[in-house]
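2 protein chains.
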Amino acid sequence: MTYCCALRLKEGLVFISDTRTNAGVDHISVFRKLYTYGVAGERFICIQTSGNLATTQAVIGHLENHLALGREPHLYSVNTMFELAGLVGQLLRQVIAEVTSDTLEQSNYFCSLLVGGQIKGEEMQLYNIYPQGNFICATSDTPYFQIGESKYGKPILDRALTYDMPLDKALRCCLISFDSTLRSNVSVGMPLDAMIYHKDCLLTPQGKRITEADPYFQQISRQWSETLKNGLQDLPEPTEDYFK
Amino acid sequence: MTYCCALRLKEGLVFISDTRTNAGVDHISVFRKLYTYGVAGERFICIQTSGNLATTQAVIGHLENHLALGREPHLYSVNTMFELAGLVGQLLRQVIAEVTSDTLEQSNYFCSLLVGGQIKGEEMQLYNIYPQGNFICATSDTPYFQIGESKYGKPILDRALTYDMPLDKALRCCLISFDSTLRSNVSVGMPLDAMIYHKDCLLTPQGKRITEADPYFQQISRQWSETLKNGLQDLPEPTEDYFK
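Chains A and B, in that order, give the protein sequences. Heads up: the first sequence begins at 1 in the working numbering, then just goes up one per residue. Heads up: the second sequence begins at 1 in the working numbering, then just goes up one per residue.
In case anyone wonders, no lab produced these hints; they're calculated from the structure. Keep in mind that this is a model prediction, so the values were computed, not measured. Treat the hints with care, as some may be off.
Identical chains blur together in the list; that is why a pair holds if it fits in one copy or across any two.
DSS-like, lysine-lysine: derived pairs with alpha carbons at most 25 Å apart [what the hints assert, rightly or not]:
#1 169 x 244
#2 10 x 244
#3 229 x 10
#4 169 x 229
#5 199 x 244
#6 244 x 120
#7 120 x 229
#8 120 x 10
Given these sequences and hints, build the entire structure.
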């Protein structure tokens with residue numbers, strides 16, 4: 001499986017993806033699931049993928065192929081992030097239709113994508129593209145999307161994340177969401193890829209690969225465990241009626 | 001959906017279930033999913049259910065019918081918890097087979113059950129019964145089982161719960177697991193049913209129905225939110241390389 005999370009906040013965008021893929025528990029590999037594209041001063045695009053690896057790679061392959069051959073519409077010719085979401089959705093539908101037939105179950109080849117970024121003159125946008133090729137857009141009410149193994153890491157986002165949160169605080173919240181998921185589900189694995197985009201900067205960040213040896217991640221992971229253990233310890237004793 | 005959790009610890013057993021059932025989002029009802037049976041001084045049995053409501057009610061119905069008619073094996077005639085798990089599994093298979101045929105997809109009628117308790121002269125046991133009727137048993141390495149919407153509330157159990165934990169601490173951990181699930185998934189809803197059994201007491205506890213107005217649950221829910229928010233606040237700032 002996979003866990004990818006993306007935030008669209010007042011100050012910018014945050015993207016984090018894991019890198020584990022598996023075809024059965026005895027066939028585990030590391031594959032990057034976070035792709036970036038950009039033209040300095042003009043656009044920044046980040047795509048995260050979850051689901052069938054051949055499908056996700058085919059969609060990314062077509063996007064890059066269109067770009068290389070100048071076949072429009074492509075990543076650098078679309079006028080808006082909305083048009084890009086439409087292009088990705090259309091390629092996704094096409095890839096799934098090509099690989100399946102009456103004898104192959106479509107859902108085995110499904111994937112989901114998160115597409116975020118900013119094009120000059122436009123607001124930042126973040127889209128969640130469904131396997132059917134349609135999509136939804138993040139808002140200030142719901143500033144985050146998750147794909148893949150999303151449930152383990154959802155409670156902390158639901159409790160703590162807000163649209164107005166500074167990027168460094170939101171990053172911590174998102175890293176804790178990953179830490180919880182990594183501990184509870186072996187199909188999500190290190191290293192992680194993280195990328196933080198500051199609103200209107202229109203430059204592609206270098207991004208950060210977070211390995212198991214990363215001192216900062218180790219530190220917050222340890223500290224968070226202590227926070228939870230001490231927090232449980234500090235809860236008041238249950239009232240007597242719980243033990244009747 | 002549903003969320004049920006059961007713990008088999010050194011000092012006793014803890015069971016908590018939600019009560020929400022839904023057939024579509026516009027058809028939500030309250031149904032108890034925690035059933036207890038017992039003979040004072042001889043046996044205590046608790047069954048929790050998740051899945052198709054007609055299937056779970058049919059299994060419970062057959063168990064109670066067998067008992068009422070004295071048709072052996074029944075809840076009070078089985079010699080061990082292992083025999084009881086076998087009986088529940090067999091009834092479950094039978095109920096699903098009766099309702100389905102070549103034209104009905106079996107998995108739509110699936111349910112899972114947790115069966116825990118103690119019979120005089122035996123250790124306490126906790127079984128997780130699969131829709132296929134087979135089952136697994138909790139151990140000191142893995143002292144808890146969940147059925148239904150289990151993922152949201154799993155991280156806190158994975159981090160904090162141990163076999164040696166006192167019952168009141170384990171209860172708090174389990175209530176926090178429910179609080180996280182309730183906040184992130186509307187298909188799991190209050191009130192909750194909680195039941196704590198002390199090892200070797202061989203009496204059926206009265207149990208506690210936890211409503212939204214329950215002062216203790218409100219208090220720990222509020223305090224836990226503060227713990228998480230303050231804990232996030234106290235995490236060290238991300239190192240610079242995260243922002244490159």
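Evaluation of the provided hints:
1. In this homomeric assembly, residue 169 and residue 244 come within 25 Å of each other (Cα to Cα) only across copies, at 16 Å, whereas the closest approach inside a single copy is 43 Å.
2. In this homomeric assembly, residue 10 and residue 244 come within 25 Å of each other (Cα to Cα) only across copies, at 19 Å, whereas the closest approach inside a single copy is 50 Å.
3. Taking the shortest Cα distances, residue 229 and residue 10 sit within 25 Å of each other only across copies (20 Å), while inside one copy they are farther apart (33 Å).
4. When the C-alpha separation of residue 169 and residue 229 is checked against a cutoff of 25 Å, the pair qualifies both within a copy, at 22 Å, and between copies, at 11 Å.
5. Within a single copy, residue 199 and residue 244 get their C-alpha atoms only as close as 56 Å, which misses the 25 Å cut-off; across copies the closest is 14 Å, which meets it.
6. For the homomeric pair residue 244 and residue 120, the shortest alpha-carbon distance between copies (21 Å) is at most 25 Å, but the shortest distance inside one copy (64 Å) is not.
7. For the identical chains of this complex, residue 120 and residue 229 are neighbours neither inside a copy (46 Å) nor across copies (35 Å), given an alpha-carbon limit of 25 Å.
8. Taking CA atoms no more than 25 Å apart as the test, residue 120 paired with residue 10 passes inside one copy only; the shortest distance there is 17 Å, against 62 Å between copies.
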